[in-house]
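Undergrad: Protein chains in written order, with our numbering: chain A, 1 to 421; chain B, 1001 to 1168.
Calculated directly from the structure, the hints in this document are not laboratory data. Some hints could be false.
Claimed, not checked - One side of the interface only, derived from the structure: several residues of chain B facing chain A at Cβ under 7 Å: (1) I1019; (2) Y1053; (3) F1058; (4) T1060; (5) N1077; (6) M1081; (7) L1082; (8) T1113; (9) D1130.
What the hints assert, rightly or not - Cut-off 25 Å, straight-line C-alpha distance, at most; resulting in silico cross-link-like pairs (SDA-like, lysine to any residue): (10) A/K47 to A/Q36; (11) A/K184 to B/G1046; (12) A/K184 to B/P1066; (13) A/K32 to A/L7; (14) A/K184 to B/P1034; (15) A/K357 to A/H421; (16) A/K184 to B/H1030; (17) A/K357 to B/E1115; (18) A/K74 to B/D1014; (19) B/K1028 to B/E1048; (20) A/K344 to B/Y1059; (21) A/K234 to A/D40; (22) A/K357 to B/D1087; (23) A/K47 to A/P4; (24) A/K47 to A/F67; (25) A/K344 to B/V1050; (26) A/K184 to B/T1060.
We treat Cβ as the ideally placed atom computed from N, Cα and C, and that holds for glycine.
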Amino acid sequence: MFEPVLLRNMDVPDGHLLSSYEAGGGYQALAKALRQYTPDEIIDLVKQSNLRGRGGAGFPTGLKWSFVPKRADKPKYLCCNADEGEPGTFKDRIIMERDPHQLIEGMAISAYAIGADTAYLYIRGEYVLAIRRLEQAIAEAHAKGYLGTRILGLDFNFVVHIHCGAGAYICGEETAMLDSLEGKRAQPRLKPPFPAVAGLYASPTVINNVETLVCVPHIVARGPDWFRGIGPDKSPGPKLYCLSGHVRQPGLYELPMGISLRELVEDRAGGPPPGRRIKAVIPGGVSAPLIPERGLDVGMDFDSLAAAGSMLGSAGVIVIDDSTCMVKVATRIIEFFHHESCGKCTPCREGLNWVVKVLRRVEAGQGAPDDLEQLEALCKGIFGNTFCALGDGAAMGLRAALAHFEHEFVAHIEERRCSFH
Amino acid sequence: MREQIEAAAARYPDQRSAIMPALLIAQKEHGHLPGPVLEEVADILGVERVWVYELATFYTLFHTEPVGLFHLQLCDNLSCMLRRSEDLLRHLETVLGIEKGGTTPDGLFTLSTVECLGACEMAPVMQVGDDYHGDLDIARIDALVDRLRAAAGQATGAELAAAGPPGE
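Required output: the full structure, derived from the provided sequences and hints.
TA: This is the structure in structure tokens:
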């Protein structure tokens, strides 16, 4: 039986308050980090743990931190990416609503490691309850000396500012988030320079996802070997999985990295509704290519899913049963990406506009015989030709739907109708 | 409004960063963000007006046009779609007598669909003001609309004005 790590405080009454967090051993990892380790030693611990970024890309966190120049004539910044916008994903919201101090402790240790004294926590404006809880938690942490100047009486100063987003999926892309923080339209930057060298206000900046940051206190408290012992060695640790769509028990599940997708969907989340069969599952938010039912025996970790032609992404697991029209699913996904395209680069802005038009007419039973060729030509024009991964995600998602469910697209065009509704 | 905006601006080394928080503050006060409010924000922060305009027209949470007292924001992204949010949209359109994007003539309700609210565990879900309403079905939608109507009936004129009725 797996003992929850990141969600261990979920059922604690008033778990969002400092008193509850301290009663469960909260902020002891911060004290240990500041008293027993140098910043470089913290970076080494995180490197040894093999922690990989939980925002979706899976980049090794300790390595990311080590890119920050040791000596810099500018201030360094930590940014927490809490702009959770990937459809199917709600893990960070639940952490921030119910256990905000866990995030603040993780941010404080991470800031100490990279030498930052200021953090911006970029959170979706829609997450009103999480924002209130974080504001309260930050005030409590200041009052108790876990934030502010000379934290725990030691030579470390650190403050966290909350920055509310205003509804733009693209802010999940880290350089778009930086432009947004600087008061500009959120559009991705050309890299290099990478944020670790020239990020927020052209200063060295580390951007980490909420779930990544909340792993850090546990790595400090229990050691990198413990962390690496959970799940696959190259992609280890406790992992949050968001289950939604056609399952009997949607919700947030914490299990080891690498658990089988089939076990997650069929056993933990109770499988599809009575009388229904699973048709496909999107394993990591709508940017992740869907997997047909026969492919569900795959490990939920970065490497296994990449080998299976999909990705872990944000671990937003969306289950689709056999009552569903896959043309409609593909259309809705591409409509989303089209709506959220920031408009900076042509292949994404214009290409997705065309893809939406073609998909809508196919779904409406008005598709032309060569529409599938059109869609592939458009995917080819988008994939690999955009500033950021938004366009790639859209093209990969559509290609997966076409590859696995081509017969449904063909039927829509030949029968000139949708047989599902 | 000025004091709140100046307090927010103190969190950043660059005033331009404070435009987003300032617009959220201004929208809370005025209900939406017409041109004169955008210009006031620019003046308070001492930044270019075009910088303020470009943000107000980029981010979906900013409204340059009036919205109803209660903004019903129904998620229709994939997880909610799979749990039949479309039926709820059609029902709301019928009950309120408006189409998606419209506002009721009494200014009480604006009906929108939005992209993923990040609460798919309670799909289908709708945000109204600061609150999320999840696991929705037609009965729950009806009860919610009734509650909101009753709340509006009890609100004083000053409260309605503070909440930002349309057309101001």
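Undergrad: List in ascending order the numbers of the hints, as given earlier, that are violated by the structure.
TA: Violated: hints 2 and 8.
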